[in-house]
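Novice: The primary structure of each chain is shown beneath.
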Amino acid sequence: MKKQLGFLVDADRCIGCFTCAMACKNQYHQENGVIWRQVYPLKEEIYPHKERAFYSLACNHCENPACMNVCPVKAYYKRDEDGLVIHEQDKCIGCGNCIRSCPYGAPQYNPVLKKAEKCSFCHQRIDEGLTPMCVLSCPVDAIGVIDLSTLDTTGLVQYAPGFSRQPVLNPSVRFRLPRLPEVVRRKNI
Amino acid sequence: MDPEQRTRLAQLRDFFLARRAQDLARACTALSGGRTAPEPGSTYWDHAEFAFNKLFVGPVALQAPPYASAYLSTESRLMGEATLTARKIYEMAGLTSPLQGSLPDDHLGVELDAALGLSTMAEGLDAEAPRALWDYFLQAHLLAWIPQFIDKARRAEAGHPAVDLALGHLETWLDHQTIKEEGMTP
Amino acid sequence: MTQWKKTDIEQAMDCPMTRRRFMKWMTAAGVTAAMPCGFLVPGKAEAGIVYEGGYETFRNACPRNCYDTCGVVTYVKDGVIKFVEGAPESTFTRGGLCVKGNAYLRKQYSPDRIKYPMVQQGRGSGNWKRISWDEALTRISEKFIEMNEKDGSMLGLAMTKYSGNFGITNYGVEGMFSSLGYTTRMVGTPCWPAGIDAQNYDMGNMWCNDPEDMVKARYVILWGVNPAWCSVHTMKYIYEARQRGAKIVCIDPVLTQTAAKADEYWQINTSEDGALALGMARHILDKGLVDQDWVTQNAVGFDEFAGYLRSEVTVEWASKKSGIPAERITRVAEEFAAADPATIWIGYGMQRHVNGGASVRSIDALVAMTGNVGKPGGGARYGHLQTWGFNYHAMVQQPPEGAKGYLGPAAKGEFDFTEDSKGPAYANRTLNINKTARELLDATDPPVRALWVSCKNPLSQDFDRNLLIEAFKKMEMVVVVDQFFNQTVEQADIVLPVTTLFEEWTVNASYWHYWLSINEQAVKPLYEAKSNIEIAAALSKKMNELKPGSCTFPADIDTKEWMAKEFNKGVYDLFGIDSWEALKNGPKKARTNRLAWGDGKFGTPSGKYEFKSELCAEHGFNALPEYVASRKPYDKLRLLTPHTKFGLHSQFINLDWMEDFNPRPYVYIHPDTARARSIADGDRVRVKNKTGEVLITASLTDNVPPDAIMMYEAWFKNNPYNCQNLVDDTSADMGAYKAGAPGVAIHDQFADLVKA
Chain A
1 MKKQLGFLVD ADRCIGCFTC AMACKNQYHQ ENGVIWRQVY PLKEEIYPHK
51 ERAFYSLACN HCENPACMNV CPVKAYYKRD EDGLVIHEQD KCIGCGNCIR
101 SCPYGAPQYN PVLKKAEKCS FCHQRIDEGL TPMCVLSCPV DAIGVIDLST
151 LDTTGLVQYA PGFSRQPVLN PSVRFRLPRL PEVVRRKNI
Chain B
1 MDPEQRTRLA QLRDFFLARR AQDLARACTA LSGGRTAPEP GSTYWDHAEF
51 AFNKLFVGPV ALQAPPYASA YLSTESRLMG EATLTARKIY EMAGLTSPLQ
101 GSLPDDHLGV ELDAALGLST MAEGLDAEAP RALWDYFLQA HLLAWIPQFI
151 DKARRAEAGH PAVDLALGHL ETWLDHQTIK EEGMTP
Chain C
1 MTQWKKTDIE QAMDCPMTRR RFMKWMTAAG VTAAMPCGFL VPGKAEAGIV
51 YEGGYETFRN ACPRNCYDTC GVVTYVKDGV IKFVEGAPES TFTRGGLCVK
101 GNAYLRKQYS PDRIKYPMVQ QGRGSGNWKR ISWDEALTRI SEKFIEMNEK
151 DGSMLGLAMT KYSGNFGITN YGVEGMFSSL GYTTRMVGTP CWPAGIDAQN
201 YDMGNMWCND PEDMVKARYV ILWGVNPAWC SVHTMKYIYE ARQRGAKIVC
251 IDPVLTQTAA KADEYWQINT SEDGALALGM ARHILDKGLV DQDWVTQNAV
301 GFDEFAGYLR SEVTVEWASK KSGIPAERIT RVAEEFAAAD PATIWIGYGM
351 QRHVNGGASV RSIDALVAMT GNVGKPGGGA RYGHLQTWGF NYHAMVQQPP
401 EGAKGYLGPA AKGEFDFTED SKGPAYANRT LNINKTAREL LDATDPPVRA
451 LWVSCKNPLS QDFDRNLLIE AFKKMEMVVV VDQFFNQTVE QADIVLPVTT
501 LFEEWTVNAS YWHYWLSINE QAVKPLYEAK SNIEIAAALS KKMNELKPGS
551 CTFPADIDTK EWMAKEFNKG VYDLFGIDSW EALKNGPKKA RTNRLAWGDG
601 KFGTPSGKYE FKSELCAEHG FNALPEYVAS RKPYDKLRLL TPHTKFGLHS
651 QFINLDWMED FNPRPYVYIH PDTARARSIA DGDRVRVKNK TGEVLITASL
701 TDNVPPDAIM MYEAWFKNNP YNCQNLVDDT SADMGAYKAG APGVAIHDQF
751 ADLVKA
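Read top to bottom, the protein sequences are chains A, B and C. Numbering of the first sequence is given in my numbering, commencing with residue 1 and proceeding in unit increments. Numbering of the second sequence is given in my numbering, commencing with residue 1 and proceeding in unit increments. Numbering of the third sequence is given in my numbering, commencing with residue 1 and proceeding in unit increments.
Treat the hints with care, as some may be off.
[Unchecked claim] Think about it this way: if two alpha-carbon atoms lie no more than 27 Å apart in a straight line, the pair counts; the simulated DSS-like pairs of lysine-lysine are: (1) C:LYS6 / A:LYS114; (2) C:LYS150 / C:LYS404; (3) C:LYS129 / B:LYS152; (4) A:LYS187 / C:LYS320; (5) B:LYS88 / C:LYS6; (6) C:LYS584 / C:LYS569; (7) A:LYS50 / C:LYS755; (8) C:LYS412 / C:LYS569; (9) C:LYS404 / C:LYS541; (10) A:LYS50 / C:LYS688; (11) A:LYS115 / C:LYS6; (12) C:LYS601 / C:LYS560; (13) C:LYS717 / B:LYS152; (14) A:LYS115 / B:LYS152; (15) A:LYS3 / A:LYS74; (16) A:LYS187 / C:LYS247; (17) C:LYS82 / A:LYS115; (18) B:LYS152 / C:LYS115; (19) C:LYS247 / A:LYS50; (20) A:LYS114 / C:LYS82; (21) C:LYS717 / C:LYS688; (22) A:LYS187 / C:LYS632; (23) C:LYS636 / B:LYS88; (24) C:LYS612 / C:LYS287; (25) A:LYS50 / C:LYS636; (26) A:LYS114 / B:LYS88; (27) C:LYS77 / C:LYS524; (28) A:LYS91 / C:LYS6; (29) C:LYS24 / B:LYS88; (30) C:LYS524 / B:LYS88; (31) C:LYS115 / C:LYS560; (32) C:LYS636 / A:LYS187; (33) C:LYS77 / B:LYS88; (34) B:LYS152 / A:LYS114; (35) C:LYS115 / B:LYS88; (36) C:LYS474 / C:LYS404; (37) A:LYS43 / C:LYS755; (38) C:LYS589 / A:LYS50; (39) C:LYS82 / A:LYS91.
No lab work stands behind these hints, which were simulated from the structure alone. A quick note: this is a predicted structure, and the numbers were derived from the prediction, not measured.
Input sequences plus hints: build the corresponding full structure.
Specialist: The structure is reproduced here in structure tokens:
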């Protein structure tokens with residue numbers, strides 16, 4: 001299998017502190033409302049304690065990206081060396097196809113430039129041997145960079161509960177699911 | 001730009017760089033062509049000052065921040081790209097702000113002062129470079145944000161006739177530049 | 001002739017060479033310096049500094065009241081901060097910050113920052129006039145001089161200051177006050193004093209191990225602490241401990257984020273922590289699991305403590321009080337006693353009760369009787385001040401000659417390392433910071449006439465808010481030094497703009513980890529902001545202009561020099577450096593003092609761990625860590641107002657970047673409690689009690705127990721929400737010994753709620 005980089009989302013270690021989301025903002029200064037990395041609390045049907053488990057999600061750098069497939073001006077390309085899906089904003093005409101097609105909401109509309117944009121995996125940092133800002137900033141190492149071609153998948157899943165199942169796109173993200181504590185509540189309150 | 005417009009520009013600069021009521025009074029009197037206005041020192045100007053501060057200075061969250069950076073991106077901030085753009089343009093004209101680093105270069109008052117200088121250069125000298133610089137500053141910068149600023153200031157909760165006067169003159173001055181620029185090479 | 005198009009101009013802006021070519025054109029065209037500009041001046045064509053990688057980097061440290069005190073690396077270009085990162089050298093922060101630290105740019109460059117000294121025409125009117133620093137300081141000085149003449153002393157001038165900025169040079173505010181004479185100081189701390197005193201009675205100091213050694217623990221109890229929100233960088237050590245086989249137990253009235261990550265979570269009945277700890281102690285005693293060797297060698301009073309346990313404490317009683325099933329208490333007690341080492345992290349929330357200090361003593365006892373004090377990976381962890389041995393040069397100033405004050409000793413705060421003055425009998429008048437409203441209103445002879453607020457936001461954070469508003473009305477002058485227009489600035493007469501961490505020189509330590517950080521000035525202060533010591537110097541100059549000899553604070557200071565003056569041999573030896581400049585390469589770690597009580601030499605009168613503390617009894621408490629009853633509820637439901645991950649007290653939550661992720665406050669209610677009041681998720685509700693009321697949106701969750709409701713303390717921009725409307729100023733038991741005043745029972749509040 002060719003090298004394919006992606007994010008490891010360790011929802012077991014994740015404490016939902018939003019450092020990753022803010023680190024991305026700190027680096028790229030996205031316009032208000034344009035959020036490249038969002039931290040989603042799991043619904044109580046999935047994790048019974050409200051706002052106590054999260055998936056931190058950005059772009060999944062799919063094997064077969066919807067964004068790339070619907071772009072009329074080839075503003076997206078998938079890097080041969082590591083499978084990262086790059087958006088070239090200079091070529092973008094702001095048609096909105098990618099925004100409408102991605103089931104994960106990764107491409108978003110920049111209302112000032114009137115173009116799409118999304119998580120870039122900090123590929124310029126990757127090329128210099130550094131890690132993406134979100135990965136660097138996480139205080140508990142709950143986000144990691146993985147290479148699917150060499151990954152030990154023990155304990156990991158591709159489709160965590162609540163994460164949209166898209167086998168055709170084949171997202172490159174992998175999850176570790178959050179564990180539950182043993183809860184001792186007071187009785188007869 | 002005719003001499004009257006140039007004078008107007010200087011008066012508007014003085015208005016937006018005003019520190020206190022007397023400065024506002026002076027600038028407004030000048031803007032109204034020296035016509036009688038409430039005496040400086042009257043409470044009329046105190047109220048003008050309160051409104052001016054609520055809109056443009058603080059300490060409360062600004063109702064209409066007078067900086068390009070606040071309008072040229074949805075993230076309203078100081079010291080944004082627009083600040084550095086303005087600074088570079090000044091530099092290319094051989095100008096600099098004495099408060100560089102403390103007062104953002106894209107503050108309206110500073111930009112109006114720059115407009116005065118750049119337009120004078122452009123018109124006084126028969127050369128491409130200064131004309132192109134003034135053209136760029138006007139089209140790509142001033143016109144890109146000042147109309148939004150005027151709109152925001154007008155919709156704001158705080159207000160005062162003195163402020164309306166200045167905004168009106170600012171709008172008129174801007175309109176004149178647009179009319180003049182129509183038909184020129186972008 | 002070349003046509004200069006828009007793209008050419010843009011190119012010239014980006015490329016120095018093209019820019020030079022352009023400027024040659026300008027010169028050729030005849031541009032002269034004689035321009036009609038009234039503000040801009042002729043500039044020199046600078047080559048511009050070429051930065052490595054395009055940026056100049058500086059070292060800063062987050063000076064907020066937080067365990068983690070992160071080292072920051074600041075990237076500057078063209079005099080503007082472009083982004084920040086965590087210092088990679090600190091093994092504690094490891095290159096990361098937190099959601100708040102990453103939002104610092106928004107704080108630095110918010111258009112809402114206070115820019116100039118301003119005076120409010122009519123307190124609370126919202127009508128502000130801009131004045132110069134000179135005018136501001138003149139007004140203030142004239143008032144101070146007038147007060148001195150009227151009262152014969154400066155006792156009418158009060159300062160309220162605490163943890164808004166822990167950069168060491170900010171103690172210059174205290175210094176400024178000392179240099180004006182004898183004044184009124186709000187002393188004490190709302191934060192952690194009961195626990196500090198408790199640890200002092202038991203061990204002779206508040207001192208915890210290096211948190212990085214928690215990886216060695218085989219058992220970790222997180223007791224009333226929520227590091228997943230309040231000390232994110234420590235979580236990795238807890239995770240590592242678990243990876244190595246440790247069990248993690250979390251005890252908290254609320255199912256916090258930390259609780260969700262623990263192996264076992266106990267939803268304790270709030271404020272019955274003492275009972276629970278004593279129950280565990282009784283069981284450990286019964287089972288013969290006491291570390292008798294350690295106790296014999298290192299402690300006094302254990303026999304009496306054992307006697308107390310046998311006659312007054314049973315596991316069943318502890319279970320009844322705490323709500324935790326007896327079989328859980330016994331099992332965890334046995335596991336804890338058997339683990340080697342075992343540790344308990346005691347949170348500050350846990351001691352914000354009328355019996356807080358007593359509870360901490362009980363938990364300390366649990367750790368001590370199992371021989372876990374003085375061990376790597378062990379200990380009763382609370383905090384430490386080992387790395388705070390600075391000179392406090394900014395703080396130590398002399399009163400002017402002839403200054404009069406109070407007769408008798410003054411209380412000292414926990415960060416006051418100055419020696420007690422031996423000379424004059426005069427002292428400051430000290431008032432309890434936790435009862436600011438009441439104290440300001442009651443003070444007389446002379447009354448408090450002027451209030452100076454810095455590094456604090458009393459109208460957002462202090463208790464009994466309605467009473468505090470009354471107290472403010474009594475002030476003749478209120479001066480507030482701050483960065484944003486918060487609820488306290490709203491009620492100021494004069495506001496003075498203060499620098500952020502990026503705009504001043506200072507040095508920072510942590511009360512949890514053992515790293516030291518330098519804080520360099522990275523950029524020029526925006527507008528007319530000044531740092532606290534610059535304000536002190538400027539005030540002194542003005543005071544002496546108007547009345548020579550009225551202020552001893554040096555009028556001409558170099559803030560970088562003043563930062564350097566904080567360092568001494570003790571600090572250099574502890575960190576193994578020759579000069580503060582070594583910190584420019586990153587934070588440094590203390591080489592020693594990181595194993596609390598490792599040598600068994602306790603700081604108590606007996607030199608031993610004191611299960612029985614005579615000193616504690618002398619101060620009006622029990623000599624043994626006996627159970628003390630909790631506060632009787634005065635309303636239907638307990639009200640908890642802990643911290644949120646999105647802010648640090650009243651800082652950060654007002655930033656729009658933060659609003660993206662945390663747009664509004666909620667009150668968290670158990671579904672049963674809500675149903676009984678016909679409240680649905682998302683409803684607007686009115687929370688009320690004897691102190692005041694709050695209108696807020698409901699969020700239903702069983703993270704809170706049915707008998708408690710919770711809202712986070714926070715200041716949202718353009719939102720009058722303030723939980724302090726509901727919090728009275730009832731004292732915690734301890735705190736007067738080491739922190740100047742008792743703490744405050746923040747979590748011993750009660751309320752009820754109805755649908756709005």
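Novice: Compare the structure with each hint and give your call.
Specialist: Cross-check of the supplied hints:
1. Only pairs whose Cα atoms come within 27 Å are accepted, and LYS6 (chain C) paired with LYS114 (chain A) is accepted, the gap being roughly 20 Å.
2. Restraint check for LYS150 (chain C) and LYS404 (chain C): satisfied, since their Cα atoms lie roughly 13 Å apart, inside the 27 Å limit.
3. Proximity of LYS129 (chain C) to LYS152 (chain B) is assessed by CA-CA distance (about 22 Å); at most 27 Å being required, the pair is judged to hold.
4. Restraint check: the Cα-Cα separation between LYS187 (chain A) and LYS320 (chain C) comes to about 10 Å, which is no more than 27 Å; the hinted pair holds.
5. Distance restraint check for LYS88 (chain B) and LYS6 (chain C): the Cα-Cα separation of roughly 14 Å lies within the 27 Å cut-off, and the hinted pair is therefore satisfied.
6. Of the supplied pair hints, the one linking LYS584 (chain C) and LYS569 (chain C) holds, its CA atoms being roughly 18 Å apart against a limit of 27 Å.
7. Between LYS50 (chain A) and LYS755 (chain C) the CA atoms are separated by roughly 22 Å; this keeps the pair inside 27 Å, and the hint holds.
8. Of the pairs offered as hints, the one joining LYS412 (chain C) and LYS569 (chain C) holds, with about 25 Å between alpha carbons and a cut-off of 27 Å not exceeded.
9. Distance restraint check for LYS404 (chain C) and LYS541 (chain C): the Cα-Cα separation of roughly 21 Å lies within the 27 Å cut-off, and the hinted pair is therefore satisfied.
10. For the hint pairing LYS50 (chain A) with LYS688 (chain C), the CA-to-CA distance comes to about 25 Å; that is within 27 Å, so the pair holds.
11. For a cut-off of 27 Å, the pair hint linking LYS115 (chain A) to LYS6 (chain C) stands: about 22 Å separates their Cα positions.
12. Distance restraint check for LYS601 (chain C) and LYS560 (chain C): the Cα-Cα separation of roughly 38 Å exceeds the 27 Å cut-off, and the hinted pair is therefore not satisfied.
13. A hinted pair counts as satisfied when its Cα atoms are at most 27 Å apart, and LYS717 (chain C) with LYS152 (chain B) qualifies at roughly 19 Å.
14. For a cut-off of 27 Å, the pair hint linking LYS115 (chain A) to LYS152 (chain B) stands: about 25 Å separates their Cα positions.
15. Simply put, LYS3 (chain A) and LYS74 (chain A) have alpha-carbon atoms about 22 Å apart, close enough for the 27 Å limit, and the pair holds.
16. A distance of roughly 24 Å separates the Cα atoms of LYS187 (chain A) and LYS247 (chain C); the hinted pair therefore holds under the 27 Å criterion.
17. Among the hinted pairs, LYS82 (chain C) with LYS115 (chain A) is consistent with the structure: their alpha-carbon atoms are about 23 Å apart, no more than 27 Å.
18. Taking the CA atoms of LYS152 (chain B) and LYS115 (chain C), the gap is about 21 Å. The hint holds against a cut of 27 Å.
19. Proximity of LYS247 (chain C) to LYS50 (chain A) is assessed by CA-CA distance (about 24 Å); at most 27 Å being required, the pair is judged to hold.
20. Between LYS114 (chain A) and LYS82 (chain C), the direct Cα distance comes to roughly 24 Å. Compliance with the 27 Å bound is thereby established for this hinted pair.
21. Annotation: proposed proximity of LYS717 (chain C) to LYS688 (chain C) holds, straight-line Cα distance about 23 Å (limit 27 Å).
22. Of the pairs offered as hints, the one joining LYS187 (chain A) and LYS632 (chain C) holds, with about 20 Å between alpha carbons and a cut-off of 27 Å not exceeded.
23. About 64 Å separates the Cα atoms of LYS636 (chain C) and LYS88 (chain B), which puts this hinted pair outside 27 Å; it is violated.
24. Distance hint between LYS612 (chain C) and LYS287 (chain C) is fulfilled; the C-alpha atoms sit about 22 Å from each other, no more than 27 Å.
25. About 24 Å separates the Cα atoms of LYS50 (chain A) and LYS636 (chain C), which keeps this hinted pair within 27 Å; it holds.
26. Simply put, LYS114 (chain A) and LYS88 (chain B) have alpha-carbon atoms about 26 Å apart, close enough for the 27 Å limit, and the pair holds.
27. Of the supplied pair hints, the one linking LYS77 (chain C) and LYS524 (chain C) holds, its CA atoms being roughly 12 Å apart against a limit of 27 Å.
28. Restraint check for LYS91 (chain A) and LYS6 (chain C): the C-alpha separation of about 20 Å stays at or below 27 Å, so the hint holds.
29. Between LYS24 (chain C) and LYS88 (chain B) the CA atoms are separated by roughly 15 Å; this keeps the pair inside 27 Å, and the hint holds.
30. Pair hint LYS524 (chain C) plus LYS88 (chain B) holds up; C-alpha atoms about 19 Å apart against a cutoff of 27 Å.
31. About 23 Å separates the Cα atoms of LYS115 (chain C) and LYS560 (chain C), which keeps this hinted pair within 27 Å; it holds.
32. Taken as a hint, the LYS636 (chain C) and LYS187 (chain A) pair is honoured in the structure, with Cα atoms around 18 Å apart against an allowance of 27 Å.
33. Of the pairs offered as hints, the one joining LYS77 (chain C) and LYS88 (chain B) holds, with about 13 Å between alpha carbons and a cut-off of 27 Å not exceeded.
34. With a CA separation close to 22 Å, the supplied pair LYS152 (chain B) and LYS114 (chain A) stays within the 27 Å bound.
35. Using a Cα cut-off of 27 Å, the hinted pair LYS115 (chain C) and LYS88 (chain B) holds, with the two alpha carbons roughly 24 Å apart.
36. Pair hint LYS474 (chain C) plus LYS404 (chain C) holds up; C-alpha atoms about 24 Å apart against a cutoff of 27 Å.
37. Proposed proximity of LYS43 (chain A) and LYS755 (chain C) is supported: the alpha carbons are some 25 Å apart, at most 27 Å.
38. Taking the CA atoms of LYS589 (chain C) and LYS50 (chain A), the gap is near 38 Å; set against the 27 Å cutoff, the hint is violated.
39. Proposed proximity of LYS82 (chain C) and LYS91 (chain A) is supported: the alpha carbons are some 26 Å apart, at most 27 Å.
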